[in-house]
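Number of protein chains: 2
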Amino acid sequence: MPQTTQTETGLAGESRELVLTRLIDAPREALFRAWTEVGLLKQWFTPRPWTVPFAELDLKPGGLFHTQMRGPEGEKFDNRGVFLEIVPGEKVVFTDAYVPGWEPAEKPFITAIITFEEEGGKTRYTARVWHFTVEDRVRHEAMGFHDGWGKATDQLEALAKTL
Amino acid sequence: MPQTTQTETGLAGESRELVLTRLIDAPREALFRAWTEVGLLKQWFTPRPWTVPFAELDLKPGGLFHTQMRGPEGEKFDNRGVFLEIVPGEKVVFTDAYVPGWEPAEKPFITAIITFEEEGGKTRYTARVWHFTVEDRVRHEAMGFHDGWGKATDQLEALAKTL
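Chains as they are written, first to last, in the working numbering: chain Y, 5 to 167; chain H, 5 to 167.
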């Protein structure tokens with residue numbers, strides 16, 4: 005485990021989830037669309053200068069969620085998983101613990117619960133990212149979860165306001 | 005790993021799934037009902053003299069699948085998981101990798117894909133049980149998967165023929 009976790013105590017230290025929440029001045033439906041339409045998702049899903057040149061979304065339980073991420077030096081990462089639950093305008097749940105057909109991944113890492121709730125004319129946007137182990141949560145945090153998801157959410161917010 | 009696995013070679017040795025398949029002389033719908041109605045499931049789900057005095061089924065993706073098993077010496081095991089997919093009359097998929105709300109289990113073990121297919125006036129019944137690791141598949145086999153699921157399937161078959 006990285007050095008930084010040694011000072012953590014109590015619940016945070018044992019937690020298996022990372023949470024990002026933000027009040028966004030855009031309708032729930034716009035945020036849901038930005039998560040579920042390929043042409044929109046590609047515009048915000050990775051912090052620039054990284055891009056998403058290709059994505060596939062099959063919006064049903066067990067349906068493919070595939071994103072291809074490209075870095076400024078030509079790096080390429082393919083992420084394949086499945087959706088677990090879709091509630092239009094309210095919730096998107098996905099994981100990399102399975103591929104379509106429900107074959108389990110050998111190294112499951114995250115399960116993300118994205119919710120959109122009306123709050124005083126704006127939208128309470130929450131990304132709750134679960135890990136199967138505390139070690140995976142620690143590793144994800146050390147990989148830069150808060151910075152990376154924060155910047156992507158800035159891009160999501162800017163896009164949603166235009167929809 | 006148990007001694008028995010050392011003689012396995014090739015795909016079987018590396019496989020993460022266990023499969024039980026049987027041609028059953030009962031309609032698909034009867035088998036589906038036996039899997040999805042609490043009062044029926046309790047009658048066949050564990051090999052006698054074990055019983056299932058209590059079960060809860062919430063038939064939707066992310067819905068609770070809870071069974072309580074009792075042994076002849078008073079042993080008690082609670083198994084909690086969720087359904088991942090339900091296709092009426094055709095398919096039931098569940099796992100112990102999550103509890104409702106999509107919180108991942110700390111020790112996910114199985115993901116089971118149960119299918120019912122029409123075959124020459126009978127039903128091709130297949131239980132495909134995936135594990136996240138080869139070690140878990142080996143352990144499940146050593147725990148008596150084939151004997152246990154085989155006897156339970158005998159009970160399922162007998163019940164389905166009466167429906």
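To be clear, the hints were calculated from the coordinates, so they are not data collected in a lab.
A portion of the hints provided could be inaccurate.
Any copy will do: because identical chains look the same in the list, a pair fits if it lies in one copy or spans two.
[Said to hold, decoys possible] Restricting the straight-line Cα-Cα distance to at most 20 Å, the calculated cross-link-like pairs of lysine to aspartate or glutamate (EDC-like) are:
#  : residue 1 : residue 2
1  : Lys126    : Glu107
2  : Lys126    : Glu94
3  : Lys64     : Asp151
4  : Lys95     : Glu107
5  : Lys46     : Asp140
6  : Lys95     : Asp62
7  : Lys64     : Glu139
8  : Lys95     : Glu21
9  : Lys126    : Glu161
10 : Lys95     : Glu110
11 : Lys111    : Glu21
12 : Lys126    : Glu33
13 : Lys64     : Glu110
14 : Lys155    : Asp62
15 : Lys64     : Glu94
16 : Lys95     : Asp151
17 : Lys111    : Asp140
18 : Lys155    : Glu107
19 : Lys111    : Glu139
20 : Lys155    : Glu60
21 : Lys111    : Asp100
For each hint, the structure was consulted:
no.: 1; hint: Lys126 / Glu107; verdict: neither (39 Å within a copy, 27 Å between copies)
no.: 2; hint: Lys126 / Glu94; verdict: within (13 Å within a copy, 42 Å between copies)
no.: 3; hint: Lys64 / Asp151; verdict: neither (29 Å within a copy, 35 Å between copies)
no.: 4; hint: Lys95 / Glu107; verdict: between (24 Å within a copy, 15 Å between copies)
no.: 5; hint: Lys46 / Asp140; verdict: neither (26 Å within a copy, 37 Å between copies)
no.: 6; hint: Lys95 / Asp62; verdict: both (15 Å within a copy, 19 Å between copies)
no.: 7; hint: Lys64 / Glu139; verdict: neither (30 Å within a copy, 31 Å between copies)
no.: 8; hint: Lys95 / Glu21; verdict: within (17 Å within a copy, 31 Å between copies)
no.: 9; hint: Lys126 / Glu161; verdict: within (12 Å within a copy, 55 Å between copies)
no.: 10; hint: Lys95 / Glu110; verdict: neither (26 Å within a copy, 24 Å between copies)
no.: 11; hint: Lys111 / Glu21; verdict: both (17 Å within a copy, 16 Å between copies)
no.: 12; hint: Lys126 / Glu33; verdict: within (11 Å within a copy, 47 Å between copies)
no.: 13; hint: Lys64 / Glu110; verdict: neither (22 Å within a copy, 25 Å between copies)
no.: 14; hint: Lys155 / Asp62; verdict: neither (25 Å within a copy, 38 Å between copies)
no.: 15; hint: Lys64 / Glu94; verdict: both (14 Å within a copy, 17 Å between copies)
no.: 16; hint: Lys95 / Asp151; verdict: neither (23 Å within a copy, 41 Å between copies)
no.: 17; hint: Lys111 / Asp140; verdict: both (10 Å within a copy, 13 Å between copies)
no.: 18; hint: Lys155 / Glu107; verdict: neither (32 Å within a copy, 25 Å between copies)
no.: 19; hint: Lys111 / Glu139; verdict: both (13 Å within a copy, 13 Å between copies)
no.: 20; hint: Lys155 / Glu60; verdict: neither (22 Å within a copy, 42 Å between copies)
no.: 21; hint: Lys111 / Asp100; verdict: both (8 Å within a copy, 16 Å between copies)
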